[in-house]
Amino acid sequence: MGGYILRRLISAIPVLLGITMIVFLIMAMIPGDPATAILGAYATPENVERLNRYLGLDQPLLQQYLIWLGNLLQGDFGRSFALNRPVLDEVLERFSATLILAGTAFVLCSLLGILAGVVSAARQYGLADKTITFAVIVGISVPSFFLGMMMILFFAVQLRWLPVSGMYSIWGGGDLPDLIRHLTMPALALSVVATGVIARLTRGAMLEVLRQDFIRTARAKGLHERRVIWGHALRAAMVSVIPVLGIQAGFVLSGAVYIEMVFQWPGIGRMLVDAILKRDILLVQGGVVFVAACYVGFNIVVDVAQHLLDPRIRA
Amino acid sequence: MRLFLQLLFRNRLAGFGAVVLGVIVVLAVLTPILPLHPPNETNTANRFLRPLSEGHWLGTDHLGRDLMSRLMWGTRLSLAVGFAAALFAGLAGAAIGVLAGYFGGRIDNVTMRGIDMLMAFPYILLALAIVAVLGPGLMNALIAVAVVNIPFFARNIRGVTAGIVHREFVDAARLSGMGNARILWSEVLPNVVPVIVIAMSTTIGWMILETAGLSFLGLGSQPPQADLGSMLGEARSALITAPHTSIVPGAMILLIVMSVNLLGDGVRDALDPRLRSGAPSRPEATTRVERATAPEATESGLLRLDRLETQFRIGKRVYRAVNGVSLNLSPGECVGLIGESGSGKSVTALSVMGLVASPPGVITGGAVRLDGQDLIGAPYEMLRALRGRRVAYIFQDPLSTLHPLYRIGDQLAEAITAHQPVGRAAARARAVRLLEDVRIPNPAARARAFPHELSGGMRQRVGIAMALANDPDIIIADEPTTALDVTVQAQVLALLDELRRSRGLAILFITHDFGVVSQLCDRVAVMYGGRVVEEGPTTDLLAAPAHPYTRRLIACVPELGGGRRRLAAIPGLPPAVDDLPPGCAFAPRCERAQDACRAGEIALAGKVRKVRCLFPETTP
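In order, the protein sequences belong to chains F and C. Going by the UniProt record's numbering, the residue at position 256 of the first sequence is 256; the numbering climbs one at a time, nothing skipped. Going by the UniProt record's numbering, the residue at position 599 of the second sequence is 599; the numbering climbs one at a time, nothing skipped.
It is possible that some hints are incorrect.
In silico EDC-like pairs for lysine to aspartate or glutamate, Cα to Cα no more than 20 Å straight-line [what the hints assert, rightly or not]: (1) C/K316 to C/E290; (2) C/K607 to C/E299; (3) C/K316 to C/D579; (4) C/K610 to C/E333; (5) C/K607 to C/D595; (6) C/K607 to C/D540; (7) F/K130 to C/D265; (8) F/K130 to C/D269; (9) F/K130 to C/E284.
Keep in mind that the hints were calculated from the coordinates and are not lab data.
Let the sequences and hints guide you as you build the complete structure.
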């Protein structure tokens, strides 16, 4: 097991290098001069040149990349010009907010999706199955940002149950119950699409598994149907569900951008959009690399989980 | 094509999607000639008019622009951009995938590593990075969304292409001297196109959603031009005061994406042959029962099957797999049930505890009495309590019948705790003892093994141990040795025989092998076409078979006690049980058959030796 994790970690190194390369190349393709972008159209040529030299932009591309990479490895992501603070500080602060939002949504969509999928399969063609199937069709088609806005209208404005936006109350907030109240709507809105996808996949996987011979064996042993469905069948179905959970985590992380905009959540997605609109390149670069690296790490966790679950691939 | 459309519209939801999408597309195409206000005509005096206002059906937005008109123009734009992105991503991805899959080797390796790298990003990061480079704008958002989706297509289509390249028809084309370009065009592409269409039809909804999303973030279409996403983005600041300005474009996106998704699912189902027969049905916890009345109870015994009837209903066809089978099993007795595949012997066995897969299986008549109590139509909880406790099963292929992901010790322990109030540790200890009972060496270590780590013979011993877990009165063994080597087969049979004698088990042994029957069984029933055609004590029946079918069946076995034998010596095929001839089912293959055989029902006659034949080989 340890060996497998190690091998998996080593195989992530070229992927991470590739990611930095792609991000660097994309950013290097930006037309025009970053210094001009920073200083504005009225900057003097001397100032532009000085800033370019200061930023190392007069160096060849490969050297620029290596310097940037070297700095990244030392934890120096550069400085955001628009915010005038180290990129890494800003990224870490914003990413932790995103992690709370996306993490909660991910847990929600995994639990709800698997639950709905199993119930749907166990009651195939029954009322519960039809209801869930219909909800899934709507769920995977609804734009999360629109859903978020409708939730604000209904739960915050109409019913006044939950706060409209933000992560904590401006006055007096800051504790866990306050966070949960602010988190409920965005996390739900964010999880809907992934819930639908996971439910649909789980249903299919369960229907496939329930036809297998070992399910008949479990029933022939006299196991209770609950145990047959939620134990034997689900355990086997998880083998095909878990890889999809990994993919959906990426979609949840991506969807967080929209939800952060709708709910004014101080996460990294909103930071990136703002940075793009302000052309704050280093912040975009640092943010993208950081999130992509975290995602690679998460996928390793998924692979390890898959490995733990299925003894056949362990052999 | 006609078939495709037929299949598509047979799916009602897909048809609904197609109609809704069709209407939206037609309206979007006609937008320039519809009598609408100009979409960008501002009128600040009429800001935020509610829907159904005079002259503005859907009201106006924050600049007093007509929402109806903006909605139609926005829909037009969103649809165009979404389809364009899908087309671009699909074509570019397909090109990459086909080339990588066709040429393989280094080209394949390098391209696919690059694709993997792109897939390591959460998609929006890549899209944001691309927009950051190109600058905000609808065209750039389109490019970003398309590029982000290329890897998905490339990977899918590479897989399909790589699968086709090594097929015979491509080799044939190559041998006939076709160039790569011709082969790609005429041999590979036609086979890849359905995959491209499926991939596109299932992702196009996503593309529309993603471009709308980028516009919503302010990175797509720039004012005054508006697609649905940017309309929603602009309306967000007035969400609370004028919700209709948000609801109108949002609901439109939902409607478009939903109809596209429904249609896409329909296209996939219609094009993908594996899905054509419809979603698989899962078997229910017990077999369905549709029985008018139970036959009168006769004499009591341990297990009595009385005129049991089990059918499979697939579509409009009815397969009478078990057609009035009666059998009797006394304590300590071993009865063999023998027949070709499809004769109904396994279904008979599974019907006893309601384990026939349902749908499509239905028990339609007869009774199964355990100690005089009828099990057909018994409540689930009663049946469950008897399963494994009094009547246990051993199945044919222990690799597929044991759960692949549980340790065998746990699977055994679970069988015990299902019926007995023992703790986990005690159950585990019992599981190890059971493994010992079935002569598995080093049982404590083997209990921690997974099924795939054992040999076939060991696995079948585990299957037997599981059946013994609760000291049942009856074991129903459904071809337990068919999947095993002859030597292992002999060991397993010896073990079963020994356990039967030491524990006083009654065994119903299903097989197609007379050799096995002669070793183990006191009595034999021969099944053909869902019916018992002959029954009697093993030695008598083997020595002097009365039914022509039995005689032919025994004649197929060159030497008793040998391994598996085929039934090649009987001309013709076993009957299809959805279309049984009247009278004797074996008549079409029987050289003794006369007109009377095909006239009507023939009864199973006799007391100890029973036979269902008008002209038996011997008179019992």
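Consistency of the hints with the structure:
{"no.": "1", "hint": "C/K316 to C/E290", "in the structure": "holds, 17 Å"}
{"no.": "2", "hint": "C/K607 to C/E299", "in the structure": "holds, 14 Å"}
{"no.": "3", "hint": "C/K316 to C/D579", "in the structure": "holds, 13 Å"}
{"no.": "4", "hint": "C/K610 to C/E333", "in the structure": "holds, 18 Å"}
{"no.": "5", "hint": "C/K607 to C/D595", "in the structure": "violated, 26 Å"}
{"no.": "6", "hint": "C/K607 to C/D540", "in the structure": "holds, 13 Å"}
{"no.": "7", "hint": "F/K130 to C/D265", "in the structure": "holds, 16 Å"}
{"no.": "8", "hint": "F/K130 to C/D269", "in the structure": "holds, 18 Å"}
{"no.": "9", "hint": "F/K130 to C/E284", "in the structure": "holds, 17 Å"}
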